[in-house]
Each structure stands twice: as structure tokens, then as C-alpha cells.
Amino acid sequence: MPLRNLVDRTLPVLARAAICDVASLGSIAGPHGASRWLQTFPTWLKPSAGGSSRIDTPLTQPLPDLPQVSPYVVPKRAPPTETTVLSNGVRVISEATPGPTASMGIYVNAGSIYETPAQAGSSALMECLAFKSTTHRSSARIFGEVEKIGSHIMANASREQMSYTIDCLKTHTPDALELLCDAVLNPVLLQEEVDEQKLRLLALLGMKDVQLTLLNEVLVRNAYSGALGQPLIPDAEQLQTLSTATLGQFLRDNYTGPRMVLAASGMDHGRVVELVAPMLEQVPSAEPVPEPPSQYTGAYCHLPGSHPQPNLLLAFEYKGGWRDVEGAVAMTVLTYLLGGGSSFSSGGPGKGMHSRLYTRVLTQYAWAHSC
Numbered sequence: 001m002p003l004r005n006l007v008d009r010t011l012p013v014l015a016r017a018a019i020c021d022v023a024s025l026g027s028i029a030g031p032h033g034a035s036r037w038l039q040t041f042p043t044w045l046k047p048s049a050g051g052s053s054r055i056d057t058p059l060t061q062p063l064p065d066l067p068q069v070s071p072y073v074v075p076k077r078a079p080p081t082e083t084t085v086l087s088n089g090v091r092v093i094s095e096a097t098p099g100p101t102a103s104m105g106i107y108v109n110a111g112s113i114y115e116t117p118a119q120a121g122s123s124a125l126m127e128c129l130a131f132k133s134t135t136h137r138s139s140a141r142i143f144g145e146v147e148k149i150g151s152h153i154m155a156n157a158s159r160e161q162m163s164y165t166i167d168c169l170k171t172h173t174p175d176a177l178e179l180l181c182d183a184v185l186n187p188v189l190l191q192e193e194v195d196e197q198k199l200r201l202l203a204l205l206g207m208k209d210v211q212l213t214l215l216n217e218v219l220v221r222n223a224y225s226g227a228l229g230q231p232l233i234p235d236a237e238q239l240q241t242l243s244t245a246t247l248g249q250f251l252r253d254n255y256t257g258p259r260m261v262l263a264a265s266g267m268d269h270g271r272v273v274e275l276v277a278p279m280l281e282q283v284p285s286a287e288p289v290p291e292p293p294s295q296y297t298g299a300y301c302h303l304p305g306s307h308p309q310p311n312l313l314l315a316f317e318y319k320g321g322w323r324d325v326e327g328a329v330a331m332t333v334l335t336y337l338l339g340g341g342s343s344f345s346s347g348g349p350g351k352g353m354h355s356r357l358y359t360r361v362l363t364q365y366a367w368a369h370s371c
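In terms of the numbering used here, the sequence shown opens at residue 1 and continues consecutively.
In case anyone wonders, no lab produced these hints; they're calculated from the structure.
Misleading hints may appear alongside valid ones.
[Unchecked claim] The calculated SDA-like cross-link candidates involving lysine to any residue, where the alpha carbons are at most 20 angstroms apart (straight line), are:
{"no.": "1", "residue 1": "K319", "residue 2": "K208"}
{"no.": "2", "residue 1": "K198", "residue 2": "P293"}
{"no.": "3", "residue 1": "K198", "residue 2": "C128"}
{"no.": "4", "residue 1": "K198", "residue 2": "K148"}
{"no.": "5", "residue 1": "K198", "residue 2": "A245"}
{"no.": "6", "residue 1": "K208", "residue 2": "Q309"}
{"no.": "7", "residue 1": "K319", "residue 2": "P293"}
{"no.": "8", "residue 1": "K148", "residue 2": "S158"}
Kindly produce the complete structure, drawing on both the sequences and the hints.
Below, the structure written as C-alpha cells:
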């Protein structure tokens with residue numbers, strides 16, 4: 001329920017309760033005592049001359065005797081994007097966006113396309129090991145500090161990048177930035193934590209309906225030859241072979257200055273550089289590594305499973321992506337136009353109901369359960 005509606009509904013109730021309490025004081029403190037209490041209330045909470053406790057101020061007018069808050073003015077122009085390149089090649093990018101919160105993230109060109117055959121699955125396992133024990137903090141201490149400042153942390157592994165992000169109130173940005181850099185730059189890869197996350201991944205891979213989770217993974221593996229065809233989600237057999245030494249080598253090979261970006265929003269650029277430069281300048285520098293080649297080939301693949309409903313994925317190569325801004329914008333518009341997927345499960349009731357896939361597929365064919 002919107003806050004305004006909640007206030008509109010509860011304010012008269014609270015006002016009547018307050019007036020009833022004041023009226024009851026008359027029998028305890030006498031008429032003069034109750035009168036003094038009434039004088040402390042705003043005019044819109046006092047009973048009218050006829051004795052009614054009804055609030056007569058229309059909802060279209062501000063309540064009297066209340067301070068008026070200046071409305072927030074949306075800036076006409078977006079804040080500029082500022083960039084600083086540190087001596088080792090790490091890029092620091094920020095925008096001083098308005099609002100009470102700040103968001104920070106470290107992004108590394110270190111996805112599964114950069115894995116060697118022996119390192120296959122390292123990206124997925126490193127995602128699970130994100131924000132675990134470092135040389136300065138235990139895993140429990142990290143999560144304790146995250147809770148203390150009320151921040152939100154997340155890590156994600158993809159075929160082309162690793163990302164680590166943290167969101168917090170602006171007053172906590174120094175602590176959040178230090179914690180983020182420590183988690184990314186100083187993991188200790190404790191054997192017990194590695195084994196624990198292996199078991200977690202193995203449990204997911206052993207689930208009865210794991211085929212539904214692996215549909216997109218299998219699709220990309222078969223659509224490309226070369227680097228993009230390498231597995232992001234490891235097979236159970238390959239996962240068992242990953243050791244702390246293998247993971248450590250993966251970090252040393254890929255977590256270098258020219259392949260790392262720290263991005264922040266909601267902070268002054270000079271302040272961001274001042275805070276992170278002493279930490280990020282410790283990242284070793286190296287020559288930029290070109291992205292391994294991939295070739296779209298297309299394929300048909302069938303994944304047997306136990307789910308009672310069949311699932312079909314149809315994909316086409318598109319030249320967009322994060323390197324092609326115009327193509328990415330066109331694909332985003334097309335995605336919202338078609339709808340489907342998460343369009344029906346987020347953003348409130350009714351979202352996506354007028355999209356093409358909803359009006360022309362789900363509502364016309366009873367055998368289609370989702371699209």
C-alpha cells in the first residue's frame with residue numbers, strides 16, 4: 001500500500017484515539033488539566049467547536065501547523081561519469097548520483113572463457129567463495145560487518161566477467177569499500193570453505209529437476225565453439241578435481257590491473273579514488289589479454305529429465321551485448337515488447353500482461369504454461 005494511502009487511512013484513527021485520551025483526562029485532571037493538554041495538540045487534532053473529532057482538512061491540502069518539506073527536484077542532467085586509471089591499469093569509474101545510498105562493484109574480465117581445461121569450473125566455485133575468509137577477516141566477521149552497516153553484498157560469475165558488489169547508505173561507504181576490496185583482493189581459500197562450497201554445488205547438480213536449471217547452460221555450450229562453448233557450470237566430475245592451488249592460480253592469472261574495474265555510484269569521484277587507490281594499487285599489473293575467440297555454430301541438443309512438462313528453448317545469434325550499446329538498447333526494447341520470463345513474476349501484479357507473449361501465446365493456448 002502506498003505510504004500516502006496508509007497515512008490517509010490511519011491518521012483519522014490516531015487522531016480520534018488521541019482526542020479520546022485527552023477527553024478521558026478531563027475526568028482525572030479536571031477541565032483545566034484537559035484544556036492544557038488540548039493546547040499542546042495541533043489544530044487539526046483538536047475537536048471542532050461542535051465537539052466532533054472529525055478531521056476537516058481535505059486530502060488535497062497540507063495539514064496546518066506542520067512544517068512543509070521542500071519537494072525533491074530531479075536534476076535535469078545526469079551526473080557526469082568520471083574515470084581515473086591507476087598506475088597498474090585498474091580503472092576507477094564513478095557517478096555522483098543523488099540519493100541516500102551508494103553502490104560499488106569490482107568487475108574483472110575473468111569468466112569461464114579464460115579458464116584452462118584444468119581450471120574449468122573455477123569461476124562458478126569462486127562465486128560461491130565470494131566474501132568468505134580473507135587474510136584480514138574471517139567469514140563470520142565479514143558477515144557481521146555487513147549486517148552492522150546494513151549493506152547488501154552479491155557476487156556473480158559469468159562467461160566473460162566476475163562481479164562483486166556492495167550497496168549501503170552513503171555514510172558507510174568508506175567501510176563498505178574497504179570490505180569490498182578486501183574480499184576481492186585477499187581471499188585465503190580455506191580448504192574447509194572450498195570443500196563446503198563444493199558440496200553445495202554438488203547438491204544443486206544432484207537435484208531431481210536440475211535439467212531446468214541447466215537449460216541455458218547447455219544451450220550456450222552447444223551454440224558456440226571455442227571459448228564461449230566452455231562450461232560455466234562445471235560437471236560433477238570436474239568440480240571434484242578443483243583444488244585450492246588451482247583456484248589460486250586462476251586468481252593470479254586473471255585478477256590483474258588492466259582487467260579490473262571499480263565502479264561506484266552515489267559518491268564523489270575524488271573521494272572514491274582517495275579511498276580505493278591504496279588498496280587497488282597493490283593489484284599486480286600485466287599486459288592486457290585479448291578475449292579468446294569463439295564462433296557461433298548453432299546446434300540441436302536434447303536434455304532428458306524427469307519433469308512432467310517439456311521445455312523448449314530457441315535462440316539466435318545477435319551482435320549486441322555490452323560492447324555494442326545501440327544493439328543492446330534495441331534488444332532491451334524487443335525483450336520488453338515480447339515479455340515473458342520474469343516479466344510476470346516481478347514488479348507487482350499485472351506486469352507483463354499486455355506483452356506479445358502473454359496476449360498471443362499464454363491466453364490463446366491452454367497447453368502453454370509459461371513463456
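Verification of the hints:
no. : hint           : verdict
1   : K319 with K208 : violated, 35 angstroms
2   : K198 with P293 : violated, 29 angstroms
3   : K198 with C128 : holds, 9 angstroms
4   : K198 with K148 : violated, 29 angstroms
5   : K198 with A245 : holds, 15 angstroms
6   : K208 with Q309 : holds, 14 angstroms
7   : K319 with P293 : holds, 15 angstroms
8   : K148 with S158 : violated, 30 angstroms
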